[in-house]
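Please arrange chain B on chain A, whose structure you already have, making use of the hints.
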Amino acid sequence: MVHRRGLGAASASSVLFAILLLSSLSLYAASQERAVLYAQADSADSLADTATALAGAGAANILLGAQSLLGSRVYYCANASATVGREVQSLSETQLTPAITVSVDAGVSAAGTRKDNLTMLSPFNGSVEGELGISLTVDEVGRAGDSVSLSKVEAHVVHLPVMLASEAGACTQAVGEMMSRIPLEIPSNCTGSAVAPLVDDAVSGLGSSGFESGVWFTIARTAPCAIDFLVSVSQDNVSGVGGEFTVRMQEGGSVTFGQRGR
Amino acid sequence: MRFLDIAVSILIGTSAITGMVVLGPGVPDRSSRALASRTQLRDTLLALIEDQGVAWLLRSSPAQVCSYLSGASNASVVVSANIGSYSCGAPPEGGVQANLTLPLVPREVTLEAWSTVGA
Chain A
20 MVHRRGLGAA SASSVLFAIL LLSSLSLYAA SQERAVLYAQ ADSADSLADT ATALAGAGAA
80 NILLGAQSLL GSRVYYCANA SATVGREVQS LSETQLTPAI TVSVDAGVSA AGTRKDNLTM
140 LSPFNGSVEG ELGISLTVDE VGRAGDSVSL SKVEAHVVHL PVMLASEAGA CTQAVGEMMS
200 RIPLEIPSNC TGSAVAPLVD DAVSGLGSSG FESGVWFTIA RTAPCAIDFL VSVSQDNVSG
260 VGGEFTVRMQ EGGSVTFGQR GR
Chain B
649 MRFLDIAVSI LIGTSAITGM VVLGPGVPDR SSRALASRTQ LRDTLLALIE DQGVAWLLRS
709 SPAQVCSYLS GASNASVVVS ANIGSYSCGA PPEGGVQANL TLPLVPREVT LEAWSTVGA
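Line order of the protein sequences matches chains A and B. Following the working numbering, the numbering of the first sequence begins with 20 at its first residue and continues without gaps. Following the working numbering, the numbering of the second sequence begins with 649 at its first residue and continues without gaps.
Since the hints were made in silico from the structure, they are not lab data. All clues stand as given, with none of them false.
Computed from the model, here is a short list of chain B residues facing chain A with C-beta under 10 Å:
(1) Leu693
(2) Leu748
(3) Val757
Don't be surprised by glycine CBs; every beta carbon is placed ideally from N, CA and C.
Just chain A, same shape as in the assembly (with noise of 0.2 Å):
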């Protein structure tokens, strides 16, 4: 009898031993599973992250770009659009870690005023109607382990406050001027004195355009009084991602005094 018991206690603590010890493996089996499934999720989130930062890098290196060659040059007025056009579509970002690659391509944005959900780059996010619109496309392909992988194509609009459409015409105004009322004054005579105040009187609506701008002349010839000019316009103090630059523009040219027409 006690040889029974003891046998029957034996196998009854088995049985129970053995329900706990299952129990326990299945939880340990679902607590893997899981803790499969947040790594799995923790890569798409790091993925999708770092994609993330890296896009906005590149976007901002783009704008620094542009805001390096924009401050870097005086530009000719009559061209100034289409050089500055030419400067952004060169500009390209490629960044590059172990899992993932994203590339960044820029080119001139069409006008008008509009929004970007790259709030990393606010203020310069979006487009804003007369400023400088820079079109970004966002190139993001990655991979985490083998089953997690990341690949995406983004379009971005970026801007700089840069005027230059309106900054360009100012110029090409006032040297429009210039070559239009200039032959119909007659000066006193061909001296600097004599000249400036009619200059002046030629250019006066480029005082009131908002930029920087000035107007130099020098005497090309006496008889008949002709000068050669130079009109300049700048956009100071521009707020840019990295701090401030001036965008600078200038356009020359000759004109002949009491000369009605060319």
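Same frame as chain A, but now just chain B:
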């Protein structure tokens, strides 16, 4: 025989308890919690970048960035950064860590966040 039964029972019980301890759900669950924490930390860093903006990172001095991040930290989450060769400071020990790097032209900025609650 009685002692044999008792010994076998003890052996079975000890083995089962050992198995439950070793193969319990605790270890994978701790790993899952750490991964979830890291995901939240990374989302926090991205939200911080989107809130302040890349222009702020470019225009601010490293000391200004570190000062702001220090103010953004709290008892459970510490935020720091490496701005070029400048480091905001030593990271806390232990916990879960996440980072995001912005390879900007003037200087590379790596934002870091630690959860001090523990893995």
